[in-house]
Amino acid sequence: MLCKRALFLAFSVLSFFVIVACAPDNPERASSPDGGGNDAVNTYIIGDEQGDWGYPSPFTAYPRGPGYIRMSYLFDNLVWKDADGFVGALAEEWEFDKEELSYTFTLREGVKWHDGTSFSADDVVFTYRYLQEQPFPWQDLDMIDQVEKLDSHRVKIYLEEPYAPFLNNLAGVVPILPEHIWEEVNNPDEFNEPEAVIGTGPFILEEYRRDQGSYRYQANQDYYLGEPKVERLMMVKVSDPQMALQQGEVNYVRVAPEATSALEEEGFQVLEGRHDWCLKLMTNHREAPFDEQDFRQALAYALDLDELVERALRGHGLPGSPGLISPDSRWHCDELPDYSYDPGRAQEKLKELGYTLEDGTVRDQHGEVLSLEVLVRADYAREGEIVGEQLQQLGLEVNVRSAESSVVDQRVREWDFDLVVSGHGGVGGDPDGTRRFMTGEASPHNNARLDHQELREEFTRQTRALDQEEREEAVCRIQHIHAEELPAYPLHHPTWYYGHDGEVDWFFTRDGLGSGIPMPLNYLAFIE
Amino acid sequence: MKKRLGDYVLAFLIILILNFILPRLMPGDPITAIYGDALVEMSPELEAHLLERYGLERSLPEQFYLYLLHFFQGDLGYSFYFHAPVSHVLAGALPWTLLLAGVALACSALLGIVWGAEAGSRRGSLFDRASLITALFLNGIPGFLVGILLLLFLGFYAGWFPLSGAASVHLDYTGWAWVQDILSHLFLPALTLTLVQLPRNFLLMRSSLLGVMEKPYVTTARCKGIKERLVRYRHALKGALPPVVTRLGMSVGLLFTGVLFVEVVFAYPGMGHLFFLALQYHDYPVVHGCLLVITVCVLMFNLLADLISIKLDPRLKEDAR
Chain A
1 MLCKRALFLA
11 FSVLSFFVIV
21 ACAPDNPERA
31 SSPDGGGNDA
41 VNTYIIGDEQ
51 GDWGYPSPFT
61 AYPRGPGYIR
71 MSYLFDNLVW
81 KDADGFVGAL
91 AEEWEFDKEE
101 LSYTFTLREG
111 VKWHDGTSFS
121 ADDVVFTYRY
131 LQEQPFPWQD
141 LDMIDQVEKL
151 DSHRVKIYLE
161 EPYAPFLNNL
171 AGVVPILPEH
181 IWEEVNNPDE
191 FNEPEAVIGT
201 GPFILEEYRR
211 DQGSYRYQAN
221 QDYYLGEPKV
231 ERLMMVKVSD
241 PQMALQQGEV
251 NYVRVAPEAT
261 SALEEEGFQV
271 LEGRHDWCLK
281 LMTNHREAPF
291 DEQDFRQALA
301 YALDLDELVE
311 RALRGHGLPG
321 SPGLISPDSR
331 WHCDELPDYS
341 YDPGRAQEKL
351 KELGYTLEDG
361 TVRDQHGEVL
371 SLEVLVRADY
381 AREGEIVGEQ
391 LQQLGLEVNV
401 RSAESSVVDQ
411 RVREWDFDLV
421 VSGHGGVGGD
431 PDGTRRFMTG
441 EASPHNNARL
451 DHQELREEFT
461 RQTRALDQEE
471 REEAVCRIQH
481 IHAEELPAYP
491 LHHPTWYYGH
501 DGEVDWFFTR
511 DGLGSGIPMP
521 LNYLAFIE
Chain B
529 MKKRLGDYVL
539 AFLIILILNF
549 ILPRLMPGDP
559 ITAIYGDALV
569 EMSPELEAHL
579 LERYGLERSL
589 PEQFYLYLLH
599 FFQGDLGYSF
609 YFHAPVSHVL
619 AGALPWTLLL
629 AGVALACSAL
639 LGIVWGAEAG
649 SRRGSLFDRA
659 SLITALFLNG
669 IPGFLVGILL
679 LLFLGFYAGW
689 FPLSGAASVH
699 LDYTGWAWVQ
709 DILSHLFLPA
719 LTLTLVQLPR
729 NFLLMRSSLL
739 GVMEKPYVTT
749 ARCKGIKERL
759 VRYRHALKGA
769 LPPVVTRLGM
779 SVGLLFTGVL
789 FVEVVFAYPG
799 MGHLFFLALQ
809 YHDYPVVHGC
819 LLVITVCVLM
829 FNLLADLISI
839 KLDPRLKEDA
849 R
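As you go down the protein sequences, you meet chains A and B in turn.
Heads up: the first sequence begins at 1 in my numbering, then just goes up one per residue.
Heads up: the second sequence begins at 529 in my numbering, then just goes up one per residue.
Please note that a few of the clues may not be correct.
Claimed, not checked - Quick look at which bits of chain B chain A covers, simulated, 3 or more residues with Cβ under 8 Å: (1) 571-579; (2) 588-602; (3) 659-668.
Unchecked claim - Far from chain A by the CB rule (all over 12 Å, computed), these chain B residues: (4) I545; (5) N547; (6) Y609; (7) L732; (8) V792; (9) Y809.
Rather than coming from a laboratory, the hints here were simulated on the basis of the structure.
A virtual CB, placed ideally from N, CA and C, is assigned to each residue, including glycine.
Produce the entire structure from the sequences given, and follow the hints as far as they go.
What follows is the structure, encoded as structure tokens:
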């Protein structure tokens with residue numbers, strides 16, 4: 001009896017699945033490159049492997065690029081950027097007064113919040129004051145002295161001191177919040193209500209599902225720059241980006257370098273990203289032998305970055321620039337010290353420091369073999385091995401250890417390492433952001449923490465420089481100092497690729513989206 | 529039975545303590561994990577605010593006290609990373625995992641028992657040998673590989689099933705269409721997990737039955753002229769099932785491990801994926817919540833298996849007293 005029942009159950013479960021399997025295909029799919037885009041509801045789908053980037057309010061979106069982008073479709077800033085530079089968003093015009101250190105913003109009139117309420121200068125004043133009190137995860141607002149409403153459509157922001165990246169890092173990053181909603185909110189990072197995502201942006205949030213990692217936006221038909229090209233925008237989680245694009249499940253997705261040629265053959269467009277992310281070799285420059293500048297330079301000469309890019313990235317990347325700022329950034333300085341692979345030079349430097357080289361082994365003054373550990377983040381183990389190999393060829397005894405990123409981060413923070421292979425983003429945007437990777441005590445896990453008077457001064461100079469030429473000069477000097485001191489040697493910048501079906505003309509934003517997100521997903525691509 | 533319940537309570541308390549200690553033994557801290565690679569520079573004010581906000585500035589004993597206090601008040605805490613109450617975060621993930629694991633457990637148990645009984649009772653036959661080889665082969669393939677192969681062939685090339693997720697989120701299906709949508713998303717992950725569990729259940733059932741088939745009472749039943757099929761399922765199976773059921777109960781822990789990989793392969797939004805993220809970002813409250821829910825599930829399935837075993841084998845009742 002038991003047998004029959006069990007068989008029957010198993011059979012019915014199976015047949016159920018078979019019925020389902022035979023059911024007609026998923027009726028709604030993203031338009032494929034040869035297929036369509038003529039659906040009644042014109043939907044655009046952006047795929048992403050993680051899916052969930054938080055509820056897209058300014059306080060609950062996760063503090064990463066994709067979280068900011070999901071929020072930027074709902075909230076507008078005073079200014080925004082396109083491929084060439086700043087464009088007006090909620091502010092139509094702006095003017096800087098050098099004497100007063102103030103920006104006057106002339107606001108657009110007739111703008112409405114998603115709930116139909118009118119936007120006004122009060123909202124701007126409220127937002128800036130509110131964010132000075134509440135810890136805002138995207139930008140520190142300390143350099144703002146005060147915010148003043150001049151009349152119903154003009155606002156003046158006074159700075160404490162000159163701050164060159166104001167438009168890029170503040171006016172272009174801070175989302176303007178509706179005062180009538182947020183004035184009562186005391187714990188903004190716990191504010192998960194539907195009102196928390198009401199902005200003036202080109203899209204309105206229809207549905208967010210944390211469990212599915214999906215977002216559904218509806219076009220804001222009253223958007224002041226014009227109605228978006230698509231009626232519906234979705235961001236969904238995919239398990240395999242390339243397959244999802246080929247199957248027509250999504251219109252846009254970041255793809256692996258290996259997938260690009262196959263996709264292009266099938267008629268998809270592939271965008272090659274800017275190089276904002278950098279892998280670097282950090283040195284413990286507070287301890288011997290790494291405290292010698294010449295020693296650090298010797299290591300640089302011993303490393304063949306072209307080989308590294310070829311072997312570790314299969315050519316999909318750029319060798320690092322010793323000044324840290326990405327080689328394809330408009331802030332990159334061309335005349336930097338050159339550390340092209342030169343093992344002879346590396347050996348010479350070591351000899352000058354008193355090391356001896358016998359039978360291919362480097363020994364110090366006491367005749368001891370020079371031995372060191374290369375600690376590498378597990379996701380870059382391949383690079384770690386190559387670096388280890390190349391340093392071994394110089395005659396060092398190298399022990400390569402790979403560890404989980406939290407282990408590596410902790411050991412860097414505590415100066416408990418010799419050499420570390422680790423990386424970070426933010427080297428392709430506004431140069432002010434690179435300070436935290438070079439000097440000071442902020443983000444110690446990827447900061448070289450170089451104690452260098454001139455470097456600090458040059459950073460202050462570029463922050464305060466109100467003249468573009470002077471700023472460029474200071475930024476160039478910063479790269480020079482980093483390249484000479486080499487507290488960390490930039491190894492490579494991997495190239496990221498984005499595949500899409502061509503329905504939307506994506507482009508790269510100058511200095512990155514917001515304060516420097518290197519992705520193409522600028523909402524202006526949806527506006528005619 | 530009381531003694532057994534006592535064991536369960538003790539196990540639960542130990543797990544409660546380990547649950548607090550283990551995540552904190554991981555190198556690294558939540559603030560660096562969540563904000564370390566963020567776009568912004570972490571200002572001292574923001575860091576102080578976050579530490580206070582998450583209660584991380586308190587001493588460990590204090591944190592432990594609050595952890596227990598909140599736990600017994602039924603409050604699982606507030607997630608650092610998700611910016612939401614842990615209970616909400618878990619409620620979004622748990623149903624999917626229970627659905628996936630439940631379907632896979634049921635299918636693999638039923639199929640394993642029937643398959644094992646059929647093969648075991650015809651020991652040495654062609655069917656038995658073929659089954660044994662198939663099972664050993666399946667047992668040797670890692671779960672995620674099975675998943676990737678199924679995804680590639682049935683999902684991508686054949687296009688019969690969706691590639692990822694648990695439902696077509698953007699479509700507001702209702703009624704039968706909704707059920708169909710859920711099931712078509714469930715099919716590949718559930719099949720993967722079933723295939724991973726099946727050989728173990730088959731092998732266990734087969735060997736257990738082999739032992740029973742030799743027993744005198746089975747020979748007696750045969751001698752009485754009862755049909756072979758009835759002997760196999762009414763008499764022999766009854767004796768062979770208890771160890772299989774116990775093992776099934778114990779294998780739920782393993783099942784959850786399997787779910788983790790399958791959820792990653794199919795981007796299925798369940799506990800495995802959630803747990804992975806929580807560990808990555810040192811989101812202690814969510815780690816606690818996940819471990820707690822998984823522990824409770826495993827303990828409950830063990831208890832259930834114990835109870836079923838007692839039902840199946842009255843001798844155990846005597847032992848339990």
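(request) Could you work out which earlier hints the structure fails to respect and list their numbers in ascending sequence? (result) As far as the earlier hints go, 2, 3, 6, 8, 9 are violated by this structure, in ascending order.
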